[in-house]
Structure formats: structure tokens, C-alpha cells
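Visitor: Take the two lone chains and join them into the complex the hints point to.
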Amino acid sequence: MEIVYQMLLAAISSGTPLLFATLGGILIERSGIIQLGAEGLMLMGAVTACLTYLQTGSLGITLLAVCGISILLGGIHAFLSVSLRANQIVCGLAMTLFGAGLSAYLGKPVSGLPVPRAVPKVDMPWLENVPFIGRIFAHLDLLTWFSFVLVIALHLFIHRTSWGLHLRAIGDNPATADVMGIRVQAFRYGYIIVGSILIGLAGADLLLVYSPTWTEGMTTGRGWIAVALVIFARWNPIRALFCAYFFGALDMLGFRIQLIGSDIPSYFLKMIPYVVTILVLMFLGWRNRNKPSGSPESLGIPYIREQRF
Amino acid sequence: MNPYKKAMFTGAALLLSLVLVLSGCSGNNANQKANGGATTTPTEAATEGTATDEPAKLPRVAFVYIGPPGDGGWTFEHDKGRLYMEEKLGIKADTVENVPESADAERIITELAQNHDVIFTTSFGYMDYTLNVAKKFPNVKFLHTAGYKTNDNMGTFFGKNYDASYLSGIAAGKVTKKNVIGYVGAFPIPEVIYNINAFALGVQSVNPEAKVSVVWTNTWYDPTTERQAAVSLLDKGADVLLAYQDSPATLQAAAERGAMAGGNDSDMTRFAPEAYLTNPIWNWGPYYTKTVQDIIDGTWKSEQYSGSLADGMVDIAPIGPSVPEDVKTLVTDTKAKLINGELNVFTGPITDASGAVKVEEGKTLTLDDILVMDWFVKGVEGTIPK
Chain A
171 MEIVYQMLLA
181 AISSGTPLLF
191 ATLGGILIER
201 SGIIQLGAEG
211 LMLMGAVTAC
221 LTYLQTGSLG
231 ITLLAVCGIS
241 ILLGGIHAFL
251 SVSLRANQIV
261 CGLAMTLFGA
271 GLSAYLGKPV
281 SGLPVPRAVP
291 KVDMPWLENV
301 PFIGRIFAHL
311 DLLTWFSFVL
321 VIALHLFIHR
331 TSWGLHLRAI
341 GDNPATADVM
351 GIRVQAFRYG
361 YIIVGSILIG
371 LAGADLLLVY
381 SPTWTEGMTT
391 GRGWIAVALV
401 IFARWNPIRA
411 LFCAYFFGAL
421 DMLGFRIQLI
431 GSDIPSYFLK
441 MIPYVVTILV
451 LMFLGWRNRN
461 KPSGSPESLG
471 IPYIREQRF
Chain B
-2 MNPYKKAMFT
8 GAALLLSLVL
18 VLSGCSGNNA
28 NQKANGGATT
38 TPTEAATEGT
48 ATDEPAKLPR
58 VAFVYIGPPG
68 DGGWTFEHDK
78 GRLYMEEKLG
88 IKADTVENVP
98 ESADAERIIT
108 ELAQNHDVIF
118 TTSFGYMDYT
128 LNVAKKFPNV
138 KFLHTAGYKT
148 NDNMGTFFGK
158 NYDASYLSGI
168 AAGKVTKKNV
178 IGYVGAFPIP
188 EVIYNINAFA
198 LGVQSVNPEA
208 KVSVVWTNTW
218 YDPTTERQAA
228 VSLLDKGADV
238 LLAYQDSPAT
248 LQAAAERGAM
258 AGGNDSDMTR
268 FAPEAYLTNP
278 IWNWGPYYTK
288 TVQDIIDGTW
298 KSEQYSGSLA
308 DGMVDIAPIG
318 PSVPEDVKTL
328 VTDTKAKLIN
338 GELNVFTGPI
348 TDASGAVKVE
358 EGKTLTLDDI
368 LVMDWFVKGV
378 EGTIPK
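Residue numbers (the numbering used here), protein chains in the order written: chain A, 171 to 479; chain B, -2 to 383.
Next comes chain B alone, as it looks inside the complex (with noise of 0.2 Å):
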């Protein structure tokens, strides 16, 4: 073997090795090397503002988004209610898509921030980054979807999701027949793990037989991974499959095999109608638009807004054609008395996988307990990394 031919083994094999090492430590990075160019769409605002015969200014609004528009789930409702918002107020906002939750998340906020007035950042690994941007910006507003950390200047929102996952929980345990429902979890963090022991409460409260078994993609968007998670669960005998992911990937490979199941975030029906049961979903628009609305008037206050199905930011989607009329009905009556108090998703008794009670007999989970959830409750086959 000549030396120069050496030389070029050992640089390859290097090279390969390294690579292989990058993939391995975040199932992303293709996606974030791909990104490396995310541009804005040039600003329109400003020219909207004079073009309008509204003398007053109108602010400049941007959009981050986690994945693109076409995700079908979260970003898809981010983009609508931005479109809603853009209707109503007659305001052009620019938008980044597929910014990944890494130190590059806080270099394009901060060039948003030099040239607009309020931004919404929205996924919750943006947490940290915009609160840094913030500090540096205090004339901008900043709105960060499902975080806790707070300034003067920037609020946080989401909702009570899991008084929707609670009901899609009664329509799958309605539906199975085998008593398997699987559950493709993104990330075994607060917000997930409440979703997933509402949705077993749910399905309990009308199949106390039912199991639902997790397992994790530790991604928010990755179609390919979504749908390998839900192939493992459908070989595990589930025949009734909900995802908390971003994609539709979890209903499209159910659909495959001749299973019921739902996604996230956004009402999917139409990637399977037949084998589609139903999911929560998000209405964000009526939201941006007091907001945005909010900021012109001056009235607007740092705060830690959380929507409801009572006001409609959360909801459930519509339940799939091919389930039973009864369920329907099940489900519309459940969510009048989630709505009016009568009914509470985290009243006891309520015990954890292991079978000690953790929530008593006739108490009920405080906002801040259930942020904080890192248990799951009996009937949830699954592991948490600790």
C-alpha cells in the first residue's frame, strides 16, 4: 500500500467516524446542518403600514417556527393562527421556519429582534434564547410558547391540553378491542408525561382493562422515527395508536395496518379518514390577534397566559368517520363538564405505575403540580429516564 494511499484511508476513516459520532449525539443534525441557511421572507410590514390608510403604526411581527408549515400538526396551527391573526389586523408578519432549539435559535431571534416589535417564538426549547434576546431588547415583545421563564417583556402561553388528550383517551378506550393502545411520546418531559396520563385516565375511565404502552423518538418532528415508534407499537398487538409528535406519521402507518389512531395539535383527518379517531388540537389565532391587538392599545402586560377548553384555545378534533355514534356523544358530554367544573381530569384517587396513591381520594392536582409531573399513572406500561 503506498503512503499516499494511506494517508487518504486514514483521513476518510476519520472523517466517517466523526460524522458517524455527530448522527449519533442528536437525531437532528442533518436537519440543523440542512438549516444552516434559514432566511426570512423580506419584510413587508412597514410598506403594509403606509399602503393601509390606518394612520396609526401598525407593529412588525415575526414568527420562529420548530418545523416547517407543512408539518401537518404544530407548526401547521402556528402558521394558521398567524394567518388569522394577519386577517384580522390587517398586519403582514415574517416568519423563520425549521429553526433548530440550539444556540442558533438565539442568533436569528436577535436579528428578528432588531427590526420588529413583537415576536413569537414557538416551541418550548426556545425557552433560554429568547429570554437572553429579550433582556438585550427591552422595546420588543417577546411570546414563547409553553415555557416558565418570564421578563418584563416577554410572556409565555400555551393550554390545558390534557383536559383534550383525557377525551381522545375515552374515545380510544371506546374503540380498542384488543386493550393494547400504544402512545409515541416525544420527549419525556412535564408536558408529555401529563398528556399521556390524562389520555390513560381517560381511556381507564371507560375501559379499566385497557394498557397503554409508551415509548419515546426524543424528537418533536422527525416523520421517519415517528412512524419506526409506531411500527413497534402495532407489532407490540396495539390496535388504537396516538402520537405527541409534530407529523402525522403515527396515523398514516396505523392506517397501513388496519388500526385507529390519532396525532397532535392539528385535526388530521384528512391524511386517513378511515382510521382516524381524533387528537387535541391547538387554535392559536384568536390568541395572536388580542395579543398583537393588546400591543397596539398599550395594554398589554407580561404574563403566563394558559388557554382552556372553556375559551377554545384548546380543543379536541372532530372525532373520525368511521367511530361509533355513541362514543361521539361520550365525548361532547365529557367535555361539557371538563368545561364547567363539574368534571376534573387530576381528581383522586390516583395512583403512580408502582401503585403508591398520589393524589388522594377527593383532592385534585394545583396547575403547578401538574407542570411539574414526572410519574405515570397505573395502566401506563413505560419507562422515564430519570
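Excised from the complex, chain A in its bound form (with noise of 0.2 Å):
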């Protein structure tokens, strides 16, 4: 029972930052726009908590920062991709390289000093009565209660408000959207810039949470394996958190199998992550192979108004 919590445990602590940057990813692209610079926004939101954190020792501020930067990029990707109508994959591309090689300089005067606790544990001492769950739940930080709260927030707003049904439509038919009287354009610039905070705190979240030294590109994939989760989710919050709290589980099941005493290499569990990603990807697709993916219709398409394709 011990190793079934601490493995819990260590899922939600690695999972809360894939967490994050799920759920930026897939307000993204429910709005129709292809999210592919989780990993530069999440370097970038990272190295501006280390910066700010250090500088001011408030949490308050440096999660302000952290969401200043998140909107500036966000509105450089959005206008990338909605105004200029560039193409969609090679943009988030440009972001992932943007964002590790500016945070790597940025980085560099911080680079491997400790950041001391910032986020305060929210302790339910009186939770640990509750059998089992309790003791899981009793001792989160403040960031991790967050997520939750954002994931049956975001579930709610998606599939029970009516902005939720105009940002699906957005992302399913812009040009029917444009017809009800739907600025598309406008809010798509505004899903990607709110998507892009929520994986810059993802960042944020890695480094002040998870591994409070900033390191560069101390995101190792996790970006990546975030662009991953939001096609396992099916564009769905709730599925979201059950995804990225079995990649953190397997990001730490590494170690615990070297730990039982196991003759398989180290170097092959540290590629666990990566070849889980590449099989439940093939699986999803030859078991949903007759059904709708869950995509939006028109993710990845530019729109245009009055323009036929």
C-alpha cells in the first residue's frame, strides 16, 4: 500500500507541470490553432520564475511575471498564425527554438543557484483521517490545487457555457462561427494568449515546484510530451489529468525499477516515457481508427473570411 501512494504522490508532483501545459495546449487548439512551442513557452515561463523569484522573493509577482511573458509570446504566436496566417506547424516549431535558446541566455547568471520553497503547502492535517485519499490530498501545494480547480473549470466552460460552445465552434467551422456573429478572429488571438499563460505556468510550476534550479533546457521534452497528451485527451480537460498523472507516473518509474533490483539497463527505463508516448499514440489510432478523433474540424487551418477551400 506504502509504494501505491508514494507512486501516486510521485505522479501528481511530475504530472502537475504536464498538467498545465495540456490544458494551455488544448484551449489552443480547440480555438483551431496547432500548439506545437509548449516546450520553448514552458523554458521561457521557467527561467522567468527563477529570474523573478530570485529578484523578489514574492510568488505573487513572479507568477504576474510569468504570465506577462506567457501573453507576449502568445500574442507574437497569435499573430503569426491568425493575422499573418503563417503556417501553423513551422510557427510553434519557431517557438520551441525561440523560447530554449532565450531562456538559455537568460538563464545564465541563475543558472544552477537554488530556489529556495516558493510554493506554499496547502496542509489539511484533518484530511489524513480520510482512509487512503486523505493522506494523498493533505499535504498538495498551491499551484497543484490550482490545477484541479482548472481542470473542472476549464471541463465546465468548455462543454456546459455557450463561450464554450462558440470556442468550439471556432475551432470545428470558423467560417459558420463568423456567420452567428462570432468574432473568430479575436478570440482566437485570446484562447492562444490564455492557453500560452497556462503552459507558461507549466514552466513555472516545473521550476518552483518540481525542481527549483533552473538548468538549461531543463525541460527535457516535457513540452513535447505535453503536445502528446492534448491528442491522448481527445481535447477533453478531464481526460487531461488522468494522461498527464500516467506520464508522471512513468517519468518516475524509472528509478523504481532500477530500485527492485531489475537486470534491464538504465538507459532503456529512461526511455519509458518516449516509447510509452510513441505506442499509445499507434494504439489510440488503430483503436479509434473508425472514429472521430476529437480533433477540431479545422485545426490547423487559417481562416479567412469569405475564402473557399
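Don't take every hint at face value.
Cut-off 16 Å, straight-line C-alpha distance, at most; resulting in silico cross-link-like pairs (EDC-like, lysine to aspartate or glutamate) [stated by the list, open to error]:
#	chain 1	residue 1	chain 2	residue 2
1	B	K298	B	D114
2	A	K291	B	E253
3	B	K332	B	E357
4	B	K77	B	E98
5	B	K208	B	E378
6	B	K383	A	D433
7	B	K233	A	E172
8	B	K54	B	E83
Honestly, the hints are just simulated from the structure, not real lab data. Fair warning: this is a prediction, and the values are worked out from it, not measured in the lab.
Guide: This is the structure we're talking about:
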């Protein structure tokens, strides 16, 4: 039982950054824009969090700064992909490379410095009396709780509100949405920016909670895993929660298998999350071969009023 | 689904799987990508040379680092050694940081060789690249850390840090309460293996009951991975951790969980004073200074320099403030015995993890035996990939 409890806690702590990034990705892609820049946005979020927290020591200012940078980068992404109608795949890749390079440059002076515990834990000792489940939730930190709230809020927003209906309309059929009087371009801008903020927060969470030291390229592929998670979760926030924790657990699994004393070389164990990503993609592709993928119908297609495809 | 969109999807899927495969192959991938534009600081050596009133032409020195000097461990100590040498000799050296142990290294070393006289390459993985460049530039002197290949103009330097690992083991064996000690190892190579063994022998010399569990991270410097490894050991029940890694991530993780820990390479007290045990440290400055001075004097010859506790290249960090006084005394006494030769870490009887006798009673492993070690001593739990 103890080991299951530890695995669940480990899955939550390493899955939370993935969850934030996946939720951000879902929001952006639901509006019809392909989001491949997560890795770069996460790195920029992390380096901004590190620089501001070491300077100011205030969590509020740090999170505001992360939001600020994400709005800026999201704005650039939106300008390129919505206004200029640039190829969204190239756009996303450019964001990734740009974020990786710029964060490495900005982070140079703080590289390797330890960041003090920034995010307070929400201690609820009375929860420990609830058998099993209670122990998991008794001592989580603030950002993790925020991610729970976010999952439910986004789910309700997308599926139960008229704004959510508009969002889905923009992603599925922007021309119809336009006819309905929804301002497609403006909403796409908005959702790209809000989604980018969530992805930036993923980086901040990675740095402030999970691994409190800035290192160049510290996301080591987590942004890409989040891109894949958006697809696994079939653009649904609730499923995103489970997918993120599943991959969080995989991330931690390698060392635990080593400690059981298996003979599998550690190099192979390190590949687990990436190999599983490919396997799950293949499996889902095969299982859902005759079903709709859940992907927004107009994903990746720039909308130009009165243009026919 | 229209064909345009379909093509886009296929493209995205292909690209995504390619990137995933790439990042799966090497944990360092993201690092390397970001490091493509590593730059040298402008050469000031020449101007510096003319500015001082010393008529002799000072050599132009360069250092190649595997991580950033801010890593708080391995590269931090090399950079400290460089600053020491610069101050003693009045030389301004150039540095290139975050150089991956790949073909990039050869390119960077080649570039440096074109306008420098002495180049220090400070990571094991630069060995072959350094040798290749050394053969092309016979007038440049190359000094490589921890390797075993040399040339007329290429020497190596390292130290017998297993003595210091043994001393850390004594401290760890004394402070553990659960008798479960965790060790975060970088790569399953002899350098790390003999340090783990020396550490375990130190533990057993004061606490035969304690077991040492090892996990491999397969990276020298990646605080996130190092932390995950440390957390998995803590979850297993370890209350003392040591890490043969370049960053203090293990110590930070242990501190959060109320365990004691040490890192490697550098005094890490400042990262978590209450949780700090101790660990082996390096002191490169005097060696760098002497080597560059010998090159200035023209007396330098290619050699495989191996420092020790006696000459101070290897040492143990000041023991953490929360470690009991008697442990400190024991470590200091044992250190004196290791220096005067009364005690030797790898003296038999030593059995390996399977129980086979590896070193018979009264025999001592030679340095050559130690440098190819590929087995764990009894009491170490972990696997070495064959």
C-alpha cells in the first residue's frame, strides 16, 4: 500500500507541470490553432519564474511576470498564426527553438542556483483521517490545487457554457461561427494568449515546485509530451488530468524499477516515457481508426473570411 | 477531412514522433540544442600580456567546461581553479561552458587550438576529441581530466578521490539510523563504481549493518533527473544520500524530507546547511598553476597526473554542522591514516556483491586494478549494466 501511495504522490508531483501545459494546449487547439511551441513556452515560463523569484522573493510578482512573458509570446504566436496566417507547425517549432535559446541566454546568471521553496503547501491534517485518499491530498501545494480547480473549470467552460460552445464552433467551423456573429480572429487571439499563460505556468510549476534550480533545457522534452497528451486526452480537460498523471508516473518509474533490482539497463528505463508515448499513439490510432479523433475540425487551417478551400 | 488538413496532420505526427525519438535517445538533447551557439569570451590574453611589465610572453590558456560554472559542483570547482591560476600567474584565460561530449566538442577544441597555447578539457567524454585535436596541433598543450589517453602534447590529470569517498562513507555510516543509505550515480563507469565501493567500505568500517542502494541517472548534470533519483531512494527508506553528480539537487531533495545528504566535487554546505553531511571535493587551482608555470618554463612533459589527499587535489568538504563531533574526529583521524599510508581503502579481504572474494586478505588493489573496476563490493545494492 505504501508503494502505491508513493507512486501516486510522485505521479501527481511530476504530472502537474504536464497537466498545466496540456490544458493550455487543449484551449489553444480547441480554437483551431495547432500548438507545438509548448517546450519553448515552458522554458520561458521557468526562467522567468527563476529570475523574478530570486530577485523579488514574492510568489505573486513571480506569477505575474510569468503571465506577462506568456502573454507576450502568446501574442507573437497569435499574430503569426492568426493575422499573418503563417503555417502553424512552423510557427510552433519556431516558438520552441526561440524559447529554448532565449531562456538559455537569460538564465545564464542564475544557472545552477538553488531557488528557495516558493509555493506554500496547503496543509490539511484533518484530511489524513480519510483512509488512503486523504493522505494524498493532505499536503499538496497551492499550484497543484489550482490545477485541480482548473481542470473542472475548463471542463465546465468548454462543455457547459455558451462561451465554450463558441470556442468549439471556432475550432470546428470558423466560417459558420463567423456567420453566427462570433469574432473568430479576436477569440483565437484570446485563447492562444490564455493557453500560453497556462503553458508558461507549467514551466513556473516545474521550476518552483518540482525542480527548484534553473538549468538550460530543464524541461527535457516535457513540452513535447504535453503536445502528445493533448491528442491522447482527445482535447478533453478531464481526460488530460489522467493522461498527465499517467505520464508523470512513467517519468518516475525508471528509478523505481532500478531499485527493485531488475537487470534492465538503466538506459532503457530512461526511454520509458518516450517509448510509451509512441506506443500509446499507435494504439489509440488503431483503436479509434473508424471513430472521430475528437480533434477540432478546422485545426491547423487559418481562417480567412469568404475564402473557400 | 480535406486533403490539406490531412497532409498537415501527417506532417505534424511525423515531426512529433521524430522529436520524441530524438529526445528519448539522449536526455541531454535539449541541452545540446540550446547550446549550439556556445561562444567564447573575447580573447584578452594577448593584451593582458603586453599590459603587464613582464617581458616574457604569457601562454594563452583556455578551459572547456561540461556545465555552467554555476552548477555548484564539478564545473564550479574547475572555474575556481582557473581563477586561482589567473591570480597567481596574471593570465586571463578563456572559457567555453556547456560543451556537450559529442562531435561539437571537437569543433570547439579545434577552434580554441587555433589561438591558444594551453587547453584544459575538463570532462571524461572529451578524451577522444581532445586527442584528435592534439594530433593536429603539435605546438599546443592539452590537459584532459580523468581520461587514459595521452600524446606528446596531451597529458591527463585526476585524483584518487576514492579516499575521500571512503571518508564520506564513515560519516554516512555513523549518522544513518535506518541503515539504508542511497547513492545517486551518474554513469556505470569505473570512476563512479570505485567511488561507490570506497564509500560502501567506509560505511561498513563503522556500521557493518548498513546497505548502500545505487540508482543510475545516466547524466552528469541534470538537476531534475538527479532529484527524481534522490526522491526514489528516499521513498525506498534511505535516510542518508550521496550523489556522484555535478549539482546539489540530491542534497536539496534530502533536506526537504529531513534526510542527510552530500553531493560531490565541491563544499555544498550553503545549499542546505542542516541536512549537509560531507562529500569528496576537488582543489584544481594549485595543479593548474603549476602546469601552466611548467609550460612557461619549458619544463612541462606529458604525464598522467594523479592527485591525492596528500597533495590536496583531493579532499573532503568540512563536515556538516549537524553531524556529531565524534564523527568529525573519526573522519579527521582516518584521513591522517590514509595520508601516511597506514590505511588503504582497497585492502583485502573484499568480497563482491555475489560473495566471491575479489581481494584476498593482506593484498591491496593497484591503481591500475582500481581504474578498471566493474563490480560492486558486498553490501551495495544495484546493477552494473554489462
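Visitor: All hints are to be evaluated individually against the structure, with a verdict given for each.
Guide: Going through the hints against the structure:
1. B:K298 to B:D114: Answer holds: K298 of chain B to D114 of chain B is near 14 Å, not above 16 Å.
2. A:K291 to B:E253: 12 Å, holds
3. B:K332 to B:E357: 24 Å, violated
4. B:K77 to B:E98: Answer violated: K77 of chain B to E98 of chain B is near 22 Å, above 16 Å.
5. B:K208 to B:E378: Holds - the C-alpha atoms of E378 of chain B and K208 of chain B are around 7 Å apart, at most 16 Å.
6. B:K383 to A:D433: 10 Å, holds
7. B:K233 to A:E172: 10 Å, holds
8. B:K54 to B:E83: This hinted pair holds, its Cα atoms lying about 15 Å apart.
Taken one by one, the earlier hints fail for this structure at numbers 3, 4, listed in ascending order.
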